[in-house]
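Peer 1: Each chain, letter by letter, is given below.
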Amino acid sequence: MITAFNISFALCLVALIVAFVGLLNKREIVGRIGFGVNILAVAALTVYIVMRWMAAGRAPFSNMFESLVLFAWTILVVYIFVYKKLKLPIVTAALSLMVVLTLAYATTFGADIRPLVPALQSNWLTVHVFTCFLGYGGFAVSFIAAISYVIASRENSKAAYETKDSLEVVMAKTVAFGFLFLTVGIMTGAVWANSAWGTYWSWDPKETWSLVTWLVYAGFLHCRFIKGWRGQKSAWMSILGFISVLFTYFGVNFLLKGLHSYL
Amino acid sequence: MSGLINFLTSLKLTLTVLLVIAVACIAGTVLPQGADVLKYLEANPGAQSQMDLLGFLGLTNIFYCWWFIFLLCFLSLSLSICTFRRFRGALRRKSGLRWKDLGSLFSHISLLLILAGCVARSIWGLNGYLPLREGETKTKFQVETGFAELPFEIHLEDFEIEFYGSDEDEHVQDSLSEKVVVLNHDGQVVAEMSSELDAGQAVGPVQLKVLKRIPDFVVDTATGGVVSRSEEMHNPALQLEIVEGGTTNTQWLFALYPGFNMHNKEGADRPHLDFRYEVYVHSGSEPGVKDYKSTLVVKEDGVEVKKKTIEVNRPLSYKGYTFYQSGFNPDDHKWTSLQVVKDPGVPLVYAGFLMMIIGLAMVFYVDPNLSVDSHGGGKNSIE
Ligand code: HEM
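The listed protein sequences correspond, in order, to chains H and G. Whatever position you read off the first sequence (first residue = 1), add 3 for this note's numbering. Whatever position you read off the second sequence (first residue = 1), add 1 for this note's numbering.
Same shape as in the complex, but just chain H (with noise of 0.2 Å):
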């Protein structure tokens, strides 16, 4: 099992690598190839995902190491989805090296299957964390793209009209998905602490941070498309509501204490 998991670690490193020559080498066949890998390392991540599964009896969602897993797959599939979009070389490095990041430390957790303790075995959890991660999915490549949109806004950038304008796409459509996706894992959340404990919000940390993110974006949102704005201020208002999700997914567990610690 440990394996496939290897593989698909491989795999990324070799997407990151395929992406920096496509960086010094702009060749189309370049991007293809690397496109091409990020599709494999998927596809081996999801086999390790679904073997895992099999081998605990529940959804591998529910410790730091797994989540950490998954993070790197939503990052992944949120990407293949936009990549028609965003044919960027410095979009693509930045998120393979991203990944590689997020599996790297994956590392530094143990790898071991736990047993759950009562109130995590729930289908609501697997819902709620699958949900939670592809919005957090969305926000990475948002996050990206308004880093890469900021960079591309310097005056001496000789980056084209058109790839700002795909980068602003990509970042508010992405944004849109993750919104979207992080609603439905906060509320499938309300509604499994409901069934466990009686109460669909408690104004835990996590659950608390969660919203203040919800927030950020919602304000992203709103002022995107309805006050019109574009360019720099929505980027940096992504790159904002990307920090609040860091905090949302690490600060809280090493910060902060409470109902979530344990994952």
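Treat the hints with care, as some may be off.
[Said to hold, decoys possible] Calculated lysine-lysine pairs in the DSBU-like style (CA-CA distance at most 30 Å, straight line):
1) H:Lys87 <-> G:Lys320
2) H:Lys230 <-> G:Lys180
3) H:Lys167 <-> G:Lys291
4) H:Lys236 <-> G:Lys13
5) G:Lys139 <-> G:Lys294
6) H:Lys167 <-> G:Lys139
7) G:Lys291 <-> G:Lys180
8) G:Lys13 <-> H:Lys230
9) G:Lys309 <-> G:Lys320
10) H:Lys87 <-> H:Lys230
[Said to hold, decoys possible] Some but not every residue of chain H turned toward chain G, in silico, with C-beta under 8 Å:
11) Leu91
12) Thr186
13) Tyr203
14) Trp206
[Said to hold, decoys possible] Listed next, the stretches of chain H that the computed footprint assigns to chain G, with coverage defined by at least 3 CB atoms under 8 Å from CB atoms of chain G:
15) 177-183
16) 220-227
Source of the hints: derived by calculation from the structure; they are not laboratory data. Computed from a predicted structure; not experimentally measured. We treat Cβ as the ideally placed atom computed from N, Cα and C, and that holds for glycine.
For this one, chain H is given, so just place chain G with the ligand on it according to the hints.
Peer 2: Below, chain G with the ligand alone, put in the same frame as chain H:
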């Protein structure tokens, strides 16, 4: 007047309110809240006056203080007006209603439904605690202010605890880790601490400390003292010192028998906390509670009307009351402890959830305008 309303419902003010709510939320996770204040004061005795000031400003109870509630009310009001106006505008538009209008209407109304559900809970909701012994029938449960009456009888037919260790869990574990879990009497985890010797921790006003840790606990029949039979983790046990309000108790915790806590003192002096010593070992003798179940029977006038075996995550609901498996009595496996919740707001909240998800999906995917005019002043721009 309409100028004032326009200002109060302007997107700018609303977004500012959302921002303030977000900042308040952050403060609520950073500043000590509610019961944590005591703990904080214990660690920093000099901070009394700061805490008093924070308390006065509502900052030690942010999510329930008047100005936070006020912000939510304000948001609801401006949201209602704003949504109503927009929808009226869309209805009057010559080009007719679009899917997107409906999606936007749904995603905003849903928020109002959810908030209304929370209000209903705080006005008509009840949250209490019900300990039951096997064979017992009760019609009341404990709430903060005393007892609440149930409109029916609840009877505990059977209570069971299962532990990890049966062969279906063979794949588990290839390493060893241990910790002490602190629970309140509702079975909720309030803290975790290391099982290292001398590891100490304060939980509220209670001071905890690990005195002894024994891998293979036996009582030496000759001396009556505690010894370890071997170095293997065959019967891991841990002695905890609990200091509360000047009295000191010690308690033995057994990883394999989470319910079997040997109290050195019984009765009224028992601390208001439960403890679990959790050890995960490779050997396949997986300790720790896997599940606990109560078979409950609902009766009306002595006649059985409903029966269900509940466990964590699988409550029983009847006539608006929901019974949750919340814990067990560590001293006596014939007892179960149930949490009883009456929350008339839940249907509203769930309807809101569903509506928001449908609404957002409609806005983003049924009639999306995300790729249109992506540069400069959108067609939706109202500013
Ligand atoms: C915090 C929760 C909120 C969420 C999740 C939310 C969500 C949305 C969404 C998804 C849209 C559609 C964006 C688009 O047209 O593409 C929207 C539009 C809008 N929102 Fe919100 N909103 C929230 C709060 C508010 C509040 C508090 C107000 C104002 C008082 C507001 C005012 C508006 C207005 C005026 C529109 C444009 C409506 C339209 O295009 O028909 N929103 N909102």
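Peer 1: If a hint holds in the structure, say so; if it doesn't, say that too.
Peer 2: Quick rundown of the hints versus the structure:
1. The straight-line distance between the Cα atoms of H:Lys87 and G:Lys320 is roughly 54 Å, outside the 30 Å bound, and the hint therefore fails.
2. For the given pair, H:Lys230 sits about 52 Å from G:Lys180 by alpha-carbon distance, which is inconsistent with the 30 Å threshold.
3. Among the hinted pairs, H:Lys167 with G:Lys291 is inconsistent with the structure: their alpha-carbon atoms are about 54 Å apart, more than 30 Å.
4. Proximity of H:Lys236 to G:Lys13 is assessed by CA-CA distance (about 15 Å); at most 30 Å being required, the pair is judged to hold.
5. Between G:Lys139 and G:Lys294, the direct Cα distance comes to roughly 18 Å. Compliance with the 30 Å bound is thereby established for this hinted pair.
6. As the CA atoms of H:Lys167 and G:Lys139 are separated by approximately 68 Å, the hinted pair breaks the 30 Å bound.
7. Distance restraint check for G:Lys291 and G:Lys180: the Cα-Cα separation of roughly 16 Å lies within the 30 Å cut-off, and the hinted pair is therefore satisfied.
8. In summary, the hint linking G:Lys13 to H:Lys230 is supported, as the alpha carbons are separated by about 9 Å, within the 30 Å threshold.
9. For a cut-off of 30 Å, the pair hint linking G:Lys309 to G:Lys320 stands: about 14 Å separates their Cα positions.
10. With a CA separation close to 28 Å, the supplied pair H:Lys87 and H:Lys230 stays within the 30 Å bound.
11. A least Cβ separation of about 16 Å between H:Leu91 and chain G goes past the 8 Å threshold, and the interface hint is therefore violated.
12. Because the smallest distance between the Cβ of H:Thr186 and any Cβ of chain G comes to about 6 Å, under 8 Å, the interface hint for this residue holds.
13. Of the supplied interface hints, the one on H:Tyr203 holds, with its beta-carbon coming within about 6 Å of a beta-carbon of chain G, less than 8 Å.
14. With its C-beta approaching chain G no nearer than about 5 Å, H:Trp206 sits inside the 8 Å limit, and its interface hint holds.
15. Judged by the Cβ-Cβ criterion of 8 Å, the stretch 177-183 of chain H is covered by chain G as claimed, because 4 of its residues qualify and three suffice.
16. Coverage of a stretch by a chain is defined here by at least three residues with a beta carbon nearer than 8 Å to that chain's beta carbons; for the stretch 220-227 of chain H and chain G the count is 5, and the condition holds.
In summary, the structure is inconsistent with hints 1, 2, 3, 6 and 11 from the numbered list given earlier, while agreeing with the others.
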